[in-house]
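Novice: Listed below are the residues making up each chain.
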Amino acid sequence: MQPNKVRPIQRFAQSVSKCSAEATVYGKCIAADYNSVHKDQCVKEFMRLKDCFLAASKTSK
Amino acid sequence: MRLNFPRACRPQQWRPIIARRTYAFQAPSGPIFDVFNRNTKWLQKERAAANVEHSRQADYLKDEVAARVCDRLQDIKRHFPRALDLGANSCNIARALSRPTPNHDNPDGPPPRPPQPSFDLVLSNLSMHWINNLPGVLAQINSILKPDCPFIGAMLGGDTLFELRTSLQLAEQERRGGISPHVSPLADVRDVGGLLQRAGFKMLTVDVEDIVVDFPDTFALMQDLQAMGESSAILGREMGAIGRDVLLANDAIYRELHGNEDGTIPATFRVIHMIGWRESDDQVKPLARGSGQVNLKDILEGGK
Numbered sequence: 542m543q544p545n546k547v548r549p550i551q552r553f554a555q556s557v558s559k560c561s562a563e564a565t566v567y568g569k570c571i572a573a574d575y576n577s578v579h580k581d582q583c584v585k586e587f588m589r590l591k592d593c594f595l596a597a598s599k600t601s602k
Numbered sequence: 134m135r136l137n138f139p140r141a142c143r144p145q146q147w148r149p150i151i152a153r154r155t156y157a158f159q160a161p162s163g164p165i166f167d168v169f170n171r172n173t174k175w176l177q178k179e180r181a182a183a184n185v186e187h188s189r190q191a192d193y194l195k196d197e198v199a200a201r202v203c204d205r206l207q208d209i210k211r212h213f214p215r216a217l218d219l220g221a222n223s224c225n226i227a228r229a230l231s232r233p234t235p236n237h238d239n240p241d242g243p244p245p246r247p248p249q250p251s252f253d254l255v256l257s258n259l260s261m262h263w264i265n266n267l268p269g270v271l272a273q274i275n276s277i278l279k280p281d282c283p284f285i286g287a288m289l290g291g292d293t294l295f296e297l298r299t300s301l302q303l304a305e306q307e308r309r310g311g312i313s314p315h316v317s318p319l320a321d322v323r324d325v326g327g328l329l330q331r332a333g334f335k336m337l338t339v340d341v342e343d344i345v346v347d348f349p350d351t352f353a354l355m356q357d358l359q360a361m362g363e364s365s366a367i368l369g370r371e372m373g374a375i376g377r378d379v380l381l382a383n384d385a386i387y388r389e390l391h392g393n394e395d396g397t398i399p400a401t402f403r404v405i406h407m408i409g410w411r412e413s414d415d416q417v418k419p420l421a422r423g424s425g426q427v428n429l430k431d432i433l434e435g436g437k
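Read top to bottom, the protein sequences are chains A and B. Its first residue numbered 542, the first sequence is counted upward by one per residue in my numbering. Its first residue numbered 134, the second sequence is counted upward by one per residue in my numbering.
Only chain A is shown next, with the shape it has when bound in the complex:
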């Protein structure tokens, strides 16, 4: 790995950090009932988070 190359995970982290509001909503949805989490329990909140993340990762490129 070259020292000055930005790793994909760093770009990923940067994009994620721009969506803290959506992340909080999603986190709250999970935390509200974390003893019985099942698949797609918070799919709406997650999709909103993911849309935000995708938009953020597009603009940062």
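Among the hints, erroneous ones may be present.
As the list claims (entries may be wrong) - Reference excerpt, derived from the structure (chain A facing chain B, CB under 7 Å, subset only): (1) 554; (2) 564; (3) 571.
In case anyone wonders, no lab produced these hints; they're calculated from the structure. No experiment lies behind these values; they were computed from the predicted model shown. Note that beta-carbon positions come from the ideal geometry of N, C-alpha and C, so glycine has one too.
Got chain A sorted already, so can you dock chain B onto it with the hints?
Specialist: Only chain B this time, still in chain A's reference frame:
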């Protein structure tokens, strides 16, 4: 005279019922469970070591624990001519002692077996949590120590990285409908006491310290773990990287469940310190059971 054998017992009728017979056997030292993939661990350590700059930056945890191990070492007023640092990583203990490099050895493999007890001291700093056969390695450490010589070790255990463990589980459960192991199973404090005892150490001291490190986000935590060479190497883990969706969900859940108020996230490292001594005749030993002359109740209750 004709004997009336029951049909099944007539000698003429005996035939080998089972042509091949396998023997039940007992392993000499109990079953050994393989938990970690040693090859994966080796690759991860190589990868971490290849990036010198980043892996030295991520040495903070091992340096800190090495300093604490040295504190314990300096409590023992003795000279150790021949010491072994088992799983030395980047010689953190040697640097903490600021001495030239002592003998060090590959943490993944079992220690070499000298023909007779030859070490005055064995140290181990944060590398024993990747050993598959911990009872066996501890027994070997005991066997290479000279009588009345100490083993001082520190390993990660108990609730280490419980935040990451729980949030990854929740993220995977919600996104993919199932979980796979990402954080190693770790020895607990009471297990360590039992293990040391089983390996034949005497005068045990086991204590626990929690070191909590704050990270800006989960990605920084995982990058540092990778640079430390501490990525997951459990057998039966899902190969390949964690999916993007799960990482995204994990960061949100980690922050919500465990995050600090200032936006950072804490990661707990529970370090189990252990000191055990090789048995020797001139060591102080506990008295035999029932030989006590003073009633403890009198002392504790103020002689009532």
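Novice: Now look at each hint and say whether the structure bears it out.
Specialist: Now for the hints, and whether the structure bears them out:
1. 554: 4 Å, holds
2. 564: 4 Å, holds
3. 571: This hint holds: residue 571(A) lies near chain B, its Cβ roughly 5 Å from the closest one there, short of 7 Å.
Violated hints: none; the structure is consistent with every hint.
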